[in-house]
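**Q** With these hints in hand, go ahead and build the complete structure from the sequences.
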Amino acid sequence: MSFLHIPNVRLAGVAACVPKAILENSNYGLFSAEEAEKFMATTGVERRRKADPETTTGDLCIKAAEKLIKDLGWTKEGIDVLIFVTQTPDYILPATSCLIQNKLKLREDIYALDISLGCSGWIYGLEVISSLLSHGQLRKGLLLVGDTMLKPCSVEDKSTYPLFGDAGTASAIEYDDGLPGFKFHTATDGSGYEAIIIPDGGYRNEVMPSSLVMTEIEPGIKRNRLQTVLDGMNVFSFGISKAPESIKMLAEKFKIDLEQVDYFLFHQANLYMNEKIRKKLKIPMEKVPYSLKNYGNTSSATIPLTMVTEIIHDISSESKSIIACGFGVGLSWGTVQFITDTLVISEIIEF
Amino acid sequence: MKTQKFLRNFASQFDEVDPETIKIETRFRDIEGWSSLTALSIIAMADEEYNVKLKGDDIRKAVTVEDLFNIINSK
Chain A
635 MSFLHIPNVR LAGVAACVPK AILENSNYGL FSAEEAEKFM ATTGVERRRK
685 ADPETTTGDL CIKAAEKLIK DLGWTKEGID VLIFVTQTPD YILPATSCLI
735 QNKLKLREDI YALDISLGCS GWIYGLEVIS SLLSHGQLRK GLLLVGDTML
785 KPCSVEDKST YPLFGDAGTA SAIEYDDGLP GFKFHTATDG SGYEAIIIPD
835 GGYRNEVMPS SLVMTEIEPG IKRNRLQTVL DGMNVFSFGI SKAPESIKML
885 AEKFKIDLEQ VDYFLFHQAN LYMNEKIRKK LKIPMEKVPY SLKNYGNTSS
935 ATIPLTMVTE IIHDISSESK SIIACGFGVG LSWGTVQFIT DTLVISEIIE
985 F
Chain B
30 MKTQKFLRNF ASQFDEVDPE TIKIETRFRD IEGWSSLTAL SIIAMADEEY
80 NVKLKGDDIR KAVTVEDLFN IINSK
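In order, the protein sequences belong to chains A and B. Going by this note's numbering, 841 is the number at position 207 of the first sequence; the sequence numbering is gapless. Going by this note's numbering, 56 is the number at position 27 of the second sequence; the sequence numbering is gapless.
There could be a bad hint or two in this list.
Claimed, not checked - DSS-like mimics (lysine-lysine), calculated; alpha carbons at most 30 Å apart, straight line:
hint	chain 1	residue 1	chain 2	residue 2
1	B	31	A	913
2	B	52	B	90
3	B	104	A	913
Said to hold, decoys possible - To give an idea of the chain A side of the interface with chain B (calculated C-beta under 10 Å), a few residues:
hint	residue
4	829
5	870
6	975
What the hints assert, rightly or not - Short derived list, chain A residues pointing at chain B, Cβ under 10 Å:
hint	residue
7	672
8	676
9	793
10	826
11	867
12	868
13	869
14	874
15	907
16	914
Simulated from the structure, these hints should not be mistaken for lab results. For glycine and all other residues, C-beta sits at the position ideal for the given N, C-alpha and C.
**A** Rendered as structure tokens:
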């Protein structure tokens, strides 16, 4: 069983940066007015932010990190670990975390690492960085998590384009002796790898001229093989069973009373799926914030982005018990529980 | 699993359809109001009512209501 309790670490702060450009789903060309209404009601996504061609996930995360370092009063020299989680890196190689070390002007003497995960990425990134910091030798770490999923989505694909949005986030984690830290459950089912996939461009299917051919899969879904495929039915079937299961397993393992949890931060997949998960767990609505409406599904960024946009004042002013659960591409999923303690949440940044 | 109960569960996924018009041999994609969202609600119904995990291919392969009934029964 993949449970892990990492004590002596704390979440010190969270910041998020979104692009300035807003795409309204009511204006999406592939939808009639009626279809647009139905889509927004079902998915909960009314608008999203889209990065311009010059802006990468790394750029958005750097803006969030700069703001967070300032708001926390941290020094750049004091940062020992940098972890960057994304599936939309700046380059295939080198690792974007290396570029970020330089752009953020962090110490050369630093542990920097990229992790390739999407919907579950913040949970996994948090587990890795907390593990490194829990020994008390590396003291402070930045966990940068985000995606620009609209870049690898076809504008002519109504199953992906109106759903996703771009965002970059920064979370600050530090060693703090005696604190309860984080409790994790993680899981993976690679048999579902095709549920969310970009088929070409890696080394299984290298880029060929055929990768660029636009193909109509069904009416309203036209894309090439360098663009994202989303099998909604398989992702849905997976999400409504595995997310509640993971939360229940974590609660059972660590004797967490779910009624005592203040907030459940779910990966923002879509409203229909998330509400099924919420109802299955019998969680009241006010404990489940959504950033879907204004930002869409921002892939790995959803959980920290929701903290910043939806519950900033509530969790920065007092101690809260939080469960966060990420689930999706991989298929990969994970859950974490922690208690906040003087958490610094920066106001949202636009870039 | 009872056929009549399944038919009722199936029909209740449609908002504006007389449940009496949905039979076990009905080709479900022909039912008025069928959409990709109905497919998701069928998956949720199978999960909630029968504790069965339907995959996308299960729905894609099925043609009639009976096909879905048999798939859920076999899992």
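**Q** If a hint holds in the structure, say so; if it does not, say that too.
**A** Each hint tested on the structure:
1. 31(B) - 913(A): The given pair, whose Cα atoms are some 26 Å apart, holds under the 30 Å limit.
2. 52(B) - 90(B): holds (19 Å)
3. 104(B) - 913(A): Given that 30 Å is the threshold and the Cα spacing comes to 24 Å, the pair holds.
4. 829: Residue 829(A) check passes; min Cβ-Cβ to chain B is 8 Å, inside 10 Å.
5. 870: holds (5 Å)
6. 975: violated (37 Å)
7. 672: holds (8 Å)
8. 676: Residue 676(A) check passes; min Cβ-Cβ to chain B is 6 Å, inside 10 Å.
9. 793: holds (8 Å)
10. 826: Status holds, d = 9 Å.
11. 867: holds (3 Å)
12. 868: holds (4 Å)
13. 869: holds (9 Å)
14. 874: This interface hint holds because 6 Å falls under the 10 Å limit.
15. 907: At 8 Å from the nearest chain B Cβ, residue 907(A) passes the 10 Å test, so the hint holds.
16. 914: At about 8 Å, which falls below the 10 Å cut-off, the nearest Cβ of chain B leaves the hint on residue 914(A) intact, so it holds.
Consistency note: the structure conflicts with earlier hint 6 alone.
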